[in-house]
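Start from the sequences, fold in the hints, and give me the full structure.
The opening position of the sequence shown corresponds to residue 7 in this note's numbering, with each subsequent residue numbered one higher.
In case anyone wonders, no lab produced these hints; they're calculated from the structure. Quantities reported herein were computed from a predicted structural model and do not represent experimental measurements. Among the clues, some could well be false.
[What the hints assert, rightly or not] Think about it this way: if two alpha-carbon atoms lie no more than 25 angstroms apart in a straight line, the pair counts; the simulated PhoX-like pairs of lysine-lysine are:
#1 Lys139 - Lys128
#2 Lys109 - Lys127
#3 Lys134 - Lys120
#4 Lys62 - Lys72
#5 Lys108 - Lys62
#6 Lys112 - Lys125
#7 Lys62 - Lys109
#8 Lys112 - Lys134
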Amino acid sequence: MSESDIVRRALALAEESFIASSGPGGQNVNKVATAVQLRLDVFALRLSPPVFHRLKALAGSRMTAKGEIVLTARTHRTQEANRAEARERLARLIEAAEQEPKKRAKSRVNRIGKEARLKSKKARGSVKANRGKVDW
7 MSESDIVRRA LALAEESFIA SSGPGGQNVN KVATAVQLRL DVFALRLSPP VFHRLKALAG
67 SRMTAKGEIV LTARTHRTQE ANRAEARERL ARLIEAAEQE PKKRAKSRVN RIGKEARLKS
127 KKARGSVKAN RGKVDW
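See the structure below:
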């Protein structure tokens with residue numbers, strides 16, 4: 007998989023900090039900071055507006071009000087594995103934002119389709135109209 011220019015720039019600009027992690031780690035869990043917190047200032051990437059809006063939507067709550075994406079990886083026991091996972095997740099997020107969604111092609115219903123739809127609506131309406139109290 008080839009990295010795009012934006013992804014390379016993002017990985018270079020990302021700031022990493024290591025924090026204490028809950029979960030697996032054995033006796034080291036309280037001594038070694040194995041979890042990785044990755045922070046990226048999105049405005050520093052100088053993205054085009056459509057890509058920025060898609061990235062903002064994809065990031066969701068992981069994007070702060072200041073425009074930073076914060077990713078935390080803590081599933082592995084080692085700093086290196088968590089660091090690699092966080093960087094991979096950031097790369098996937100940016101690549102997904104770069105992908106322009108396909109335009110939806112408007113569908114057209116032909117005359118027969120319209121008549122069939124109206125006929126089924128009429129039939130359904132008559133079923134509902136015939137419900138109710140029975141007058142003996």
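Okay, the hints, checked on the actual structure:
no. : hint            : result
1   : Lys139 - Lys128 : holds (21 angstroms)
2   : Lys109 - Lys127 : violated (30 angstroms)
3   : Lys134 - Lys120 : holds (21 angstroms)
4   : Lys62 - Lys72   : holds (12 angstroms)
5   : Lys108 - Lys62  : holds (19 angstroms)
6   : Lys112 - Lys125 : holds (23 angstroms)
7   : Lys62 - Lys109  : holds (20 angstroms)
8   : Lys112 - Lys134 : violated (32 angstroms)
Of the numbered hints listed earlier, those contradicted by the structure are 2 and 8.
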